[in-house]
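The chain contents come next:
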Amino acid sequence: NAGVTQTPKFQVLKTGQSMTLQCAQDMNHNSMYWYRQDPGMGLRLIYYSASEGTTDKGEVPNGYNVSRLNKREFSLRLESAAPSQTSVYFCASETGVVTGELFFGEGSRLTVL
Amino acid sequence: KNEVEQSPQNLTAQEGEFITINCSYSVGISALHWLQQHPGGGIVSLFMLSSGKKKHGRLIATINIQEKHSSLHITASHPRDSAVYICAVNETSGSRLTFGEGTQLTVNP
Numbered sequence: 124n125a126g127v128t129q130t131p132k133f134q135v136l137k138t139g140q141s142m143t144l145q146c147a148q149d150m151n152h153n154s155m156y157w158y159r160q161d162p163g164m165g166l167r168l169i170y171y172s173a174s175e176g177t178t179d180k181g182e183v184p185n186g187y188n189v190s191r192l193n194k195r196e197f198s199l200r201l202e203s204a205a206p207s208q209t210s211v212y213f214c215a216s217e218t219g220v221v222t223g224e225l226f227f228g229e230g231s232r233l234t235v236l
Numbered sequence: 345k346n347e348v349e350q351s352p353q354n355l356t357a358q359e360g361e362f363i364t365i366n367c368s369y370s371v372g373i374s375a376l377h378w379l380q381q382h383p384g385g386g387i388v389s390l391f392m393l394s395s396g397k398k399k400h401g402r403l404i405a406t407i408n409i410q411e412k413h414s415s416l417h418i419t420a421s422h423p424r425d426s427a428v429y430i431c432a433v434n435e436t437s438g439s440r441l442t443f444g445e446g447t448q449l450t451v452n453p
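Protein sequence lines, in the order shown, are assigned to chains A and B. Quick note: the first sequence uses our numbering, first residue 124, plus one each step. Quick note: the second sequence uses our numbering, first residue 345, plus one each step.
Accuracy of the hints is not assured; some may be wrong.
[As the list claims (entries may be wrong)] Partial list, computed: chain B residues near chain A (C-beta under 8 Å):
no. : residue
1   : Phe362
2   : His377
3   : Met392
4   : Gly396
5   : Ser415
6   : Leu441
7   : Glu445
8   : Gly446
Bear in mind the hints are in silico, worked out from the structure with no lab data behind them. Keep in mind that this is a model prediction, so the values were computed, not measured. C-beta: ideal position from N, C-alpha, C; glycine also.
Starting from the given sequences, assemble the full structure and let the hints guide the process.
Below, the structure is given as structure tokens:
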């Protein structure tokens, strides 16, 4: 089992460029999440998806869009990257049927110049 | 005020010491998670609790729902335990998780 797979692991963008972070899980989980982690701050929720076909805003959704393409995949898109979006991004999933153990991807380090 | 507060923020210990990290929260929860993050690494789930106490090896996690408080204990600490330990709660109001800022633990040999 691969668990939660995120790509890319590293990315450097120029201000205004767009990109998509991909996340896939092979555990048949219902709930998937995108977080960002910044120095001195806890993980902050960007968007989440409680089930296939649904998405909801988290704490810091501005500048991001998401797609829950199917049960396995949950992508995060930056349409016009800004330096404030420089961060480490984590995708996570859990069963969602009842509150379950969290599984995280390895993280994606994004730098916006 | 953060809904999930951890203490201490930083903790340095000598190998073999008993370590306690605390987590207090202000919202109603359905579950609480303890996570571990090694430097430059991913995040691993250690425990998920909704009541009582859980033990895994040298790690023990407890939760007091009435007091809205949880503790993570490490017995016979070792340098490989050096990591950031993060508390997170599932709020009963929805499926969202709220995270504490983490506790940086350093265990010296």
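Here is how each hint holds up against the structure:
1. Phe362: For Phe362 of chain B, the interface hint is violated, since the closest Cβ of chain A sits about 25 Å away, which is over 8 Å.
2. His377: 6 Å, holds
3. Met392: 5 Å, holds
4. Gly396: Violated - the Cβ of Gly396 of chain B stays beyond 8 Å from chain A, reaching only about 15 Å at its closest.
5. Ser415: 18 Å, violated
6. Leu441: 7 Å, holds
7. Glu445: This hint holds: Glu445 of chain B lies near chain A, its Cβ roughly 4 Å from the closest one there, short of 8 Å.
8. Gly446: For Gly446 of chain B, the interface hint holds, since the closest Cβ of chain A sits about 6 Å away, which is under 8 Å.
The structure does not agree with the numbered hints 1, 4, 5 stated previously, though it agrees with the rest.
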